[in-house]
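Q: Chain by chain, the residues run as shown.
Number of protein chains: 2
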Amino acid sequence: MKRTKVKALLQTPASGQEVLVKGWVRTKRGNKYVTFIAVNDGSTIHNMQVVADMNVFTEEALKEVTTGASVSVVGTLVESQGKGQTVEVQAKTIEVLGTADPEVYPLQKKGHSLEFLREIAHLRPRTNTFGAVLRIRHAMAFAVHQYFNQKGFFYIHTPIITASDAEGAGEMFRVTTLDPVNPPRTEAGEVDFSEDFFGKSTNLTVSGQLEGEVTAMALSEIYTFGPTFRAENSNTSRHLAEFWMIEPEMAFYELEDNMELAEDFLKYLVRYALDNCQDDLQFLNDLYDKELLSRLHFVVENDFQRLTYTEAVEILKTAKQKFEYKVDWGTDLQSEHERYLVEKHFKKPVILTNYPKDIKSFYMKLNDDGKTVRAMDVLFPGIGEIIGGSQREESYEKLVTRMQEMGVPEKEMWWFLDTRRFGTVPHSGFGLGFERLLLFVTGMGNIRDVIPFPRFPKSAEF
Amino acid sequence: MKRTKVKALLQTPASGQEVLVKGWVRTKRGNKYVTFIAVNDGSTIHNMQVVADMNVFTEEALKEVTTGASVSVVGTLVESQGKGQTVEVQAKTIEVLGTADPEVYPLQKKGHSLEFLREIAHLRPRTNTFGAVLRIRHAMAFAVHQYFNQKGFFYIHTPIITASDAEGAGEMFRVTTLDPVNPPRTEAGEVDFSEDFFGKSTNLTVSGQLEGEVTAMALSEIYTFGPTFRAENSNTSRHLAEFWMIEPEMAFYELEDNMELAEDFLKYLVRYALDNCQDDLQFLNDLYDKELLSRLHFVVENDFQRLTYTEAVEILKTAKQKFEYKVDWGTDLQSEHERYLVEKHFKKPVILTNYPKDIKSFYMKLNDDGKTVRAMDVLFPGIGEIIGGSQREESYEKLVTRMQEMGVPEKEMWWFLDTRRFGTVPHSGFGLGFERLLLFVTGMGNIRDVIPFPRFPKSAEF
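Respectively, the protein sequence lines represent chains A and B. Heads up, the first sequence is in full-length UniProt numbering, so the first residue is 1 and it goes up one at a time. Heads up, the second sequence is in full-length UniProt numbering, so the first residue is 1 and it goes up one at a time.
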C-alpha cells in the first residue's frame, strides 16, 4: 500500500477505507480500553490520531510507541469521535520503525524554550513551532519565485565567492586555500595572495547587486535569491553571519516604479502566506503573538505611506515622543524613529525616499539638489527597515565622481562601470532580507529561529 | 505610456496601436528611404524590428543608434512587410538613452568565440547565446521549485559555512576572519582557530545532504537548492569551484522510490524546457548542436534502463569496444564506460544501482551481501552521471561501523547520528548538479558557459 501524508488524509472524507500512515509519535495517552497515538509527519502542523483498541493490541506491543519514535500504521480512516480532528485512523497494525528512548530523547512532551531548541537545531524541526516556521519559510521562498516568474523576471545566480564588495564597507569573510600556518609570502613579508586558489584575495559576497545590475542591462528584469554574508561580531536577535537575500534589478525603472514593485511584491508575499499557511500562522498567532494575523492583514489592506527623508525628519523633530537618539537632517534614522513613523504617526507601512547622499551608497542616483540620492527604504511595523533600494546612478561621469568621493576603487570595478559606458539606461533595484521578511510573517522574535541552521559568532554547529 | 516588453509585443495582434519599446540595439541597416533597427530587451531571443522612415528621421538623428546603444522608441505596431517577424514598430520618436561607442564596444555584430565572451562575462548576457542560456537557466530553476512544491516537498536552506564535510574527502575552501599575516597561534605554533569567527575552523559546504537528511526526519520530504564548492585545481570543461546543487531527501523512501522520483523529476524538467523554452532551444539547436532537440525528446519519451553495477560490469567486460580503462568489479566506472552503456548498448538513460561499498560514501545503506550499497547513479547521453544518490543507512550501529571503517570522525557528527538514535526511518535522497543539468538541456559544451559568473582556478573576476 502507498503511504498517504497526514495533510492529505485530513482532507479526505472518511469511509472506512484502508490507509497507510507513516510519521513520528508526538504523544501517546489512553486507558486500558483504548490508546490514542498522535502521529505527525511534517506535512502539516496537525497530527493524525491513531486509535489502538486494547482488545487488539497489548501494552507490550505498544511499549516502544513513545514520543519521538517513528511508526508505520495501517488502519481504517473513520470519522473521529473525539474533539480536535474530523478523522482518525483505527489501527490494524502498528510497526515501530525506530525507537526514541524516553530516557535520552530531548524532545519530550513538555514545552521547551527557544534557547534550548537552538542548541538542538537538528531536532527542532520536529516541534510544532519549527515545523510551522520551516513550512512558512518554504512557502515564502516559493512565492518569491512564483511572483517574479509570472512577471517575466529572470532568476540570476550571482557569485558567492567574489573579489568585489558592493557596499564598500561590510566586514567580510575571507575564502582561501592557502596554508594557514605557513602561507606563501611576498618579499615584503605580506601574504602572497597571487598563490591563492583564485590568484587573488577573495571573500564571501555581501550582495549580488552589482552582478545583478550588469545582467539587468541585458535581460531587463532580473532577481537574485541567494546567501549573503557579514562577518560582523553582532550577537543580536537581528543579525546573522549568513542569511538569504532577494535582490531584483530592473532596467528602465525609475524610483517610482521601484516603489510600486516593492509594495506590490511585499503584499503578494504576505497575501500568499495568509492564503497558503493558515494553520501554521494560526498556531504562531495563538502561541507567540496574538497580533500576528491582524498585522499581516493590515499590511495587505493598506497603501504604504510615501514621503521623503526630509519630511520624515520634520515629523520626528516635532514629535511629542522622547527619543534616545536625536534626529537631525543628515544623520541616519534609528530603529526607534522608523518605528515611531510606522507604528505611531502613520500607523501603516512607510516608504522613505531621497536620503542624504552621505549616509547612502555610492551607486545611488544623485538628485538635482546635489545633496540627496534616490534611495528608498520600506519600513514595517515591529521590524523597521525590511527593504532598502534605490534608483541607480546611470551616468558614467557622476558614478565615477561618487566612487572617487567615497574611496571605492575604480580599477577593480571596470566591469561594473562598463554598464554605464555601453548602452546605459535608468534602472533601479532593491534588497529584501529573507529572514527579515520571515520575522515579520511568522512573528518570531529572534532571527536565529527563522533559518534552519543559524550562523553567528562562535557558532557554526550542524 | 507604459513600456511593453518585446516578448509580449510579438504576441500582440497589430492594429496600428501606439507602443513604447525599450531595449538595446542589435543591428541597424537600411538605405536612404528607410532604416531598420533590431531592438532586443532580453525578454526573448527575438528582436523587435523598428522601422524609421527617412523622410521623418535624419541620418544625423540616428547617428548614435549603434550596436549596443540603449533606445526608447515610441511608434505604432503594424504587421511586418518583411520576413522573419510578424509585427514591427513604425517609429515616431527614437531616443538614445545610452550610447555605445563603436570604436570600443566589444560586442559588435560579428560572432564572437565563447572563449572571448568568457573574458567579458559582464557583457555576454547581451548576446543571443547567453540570453538563451540564462533564460533556460531561469526556467529550469523555476521548474525545480514548482515540481517539489506541487509534490509537498519543503525547500530547506542548508548552511553554506560549515564545520562538517559530507563527502569525507572533497577539497574545501577555508572561511576565516583571522589576520592572514599574523594569525593567533597556540603554544605549539599552530594557528589558533578558537580565535576565528566561529570559534573553530570552518569551510564552504560541499553538500547540503547531511542537514537535509536531518530535516527530512521531521518534514518527511525536503529539498535543497543552493551553492556548493570544491577547491579542486581542475581546469576542465566539466568542473567549477562554485556550482549549484539540488538535493532532495525523503523519509520512508527506499531505493526503488528514489529511482522513481529521480526519473520523474528529470523528465519533468526536460519537458518543462521543451514546453517553455522553444525559441531558445531552437536557436541553440541550430547554432551549436543539431541533435539537441531530438536528445531532449528522447529522454522524455523513454523509460530509463535500470540495472545493477554488477550487471553493467558484465556487459562492459564482454563489449566489443576497446576502452582506455579496464573494467573490473570493484573499480569505479569511467566516463567512457558510462557513455558506452547509455549511448551504445542501451541507447537510453540508465540507472545503475548497488555499487561496491568501497567506492561509495559512508552514509549509503549496506546490502545484505555485505559488499554492495544501495547507491544509484543516473547516466545521461553526452553527460555521463547526472544524478548520484542512494538509500541512506538508517541503522545507528551499521552507520557507526561504516564511519569507523572509513575514518569519518564520529564526534563531530553527533547531530547526524542523532537522527539514527531517535525515530530513525528508511530514507533516501540524491543530488543533481544544476550546471550538469544545464549542459544537457542547453547542449553547451563547457560548464563555464551555463553559469553567469563562473569561478575556477585563478579566476574570480566580476
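Check the hints yourself; a few may be wrong.
Heads up, the list lumps identical chains together, so a pair's fine if it works in one copy or across two of them.
Claimed, not checked - Lysine-lysine pairs mimicking DSBU-like chemistry, simulated, CA-CA at most 30 Å apart:
| hint | residue 1 | residue 2 |
| --- | --- | --- |
| 1 | LYS347 | LYS109 |
| 2 | LYS398 | LYS63 |
| 3 | LYS83 | LYS2 |
| 4 | LYS92 | LYS320 |
| 5 | LYS151 | LYS92 |
Please keep in mind that the hints were generated in silico from the structure rather than gathered at the bench.
Q: If a hint holds in the structure, say so; if it does not, say that too.
A: Outcome of the hint check:
no.: 1; hint: LYS347 <-> LYS109; verdict: neither (40 Å within a copy, 55 Å between copies)
no.: 2; hint: LYS398 <-> LYS63; verdict: between (75 Å within a copy, 24 Å between copies)
no.: 3; hint: LYS83 <-> LYS2; verdict: within (28 Å within a copy, 56 Å between copies)
no.: 4; hint: LYS92 <-> LYS320; verdict: neither (69 Å within a copy, 56 Å between copies)
no.: 5; hint: LYS151 <-> LYS92; verdict: between (51 Å within a copy, 28 Å between copies)
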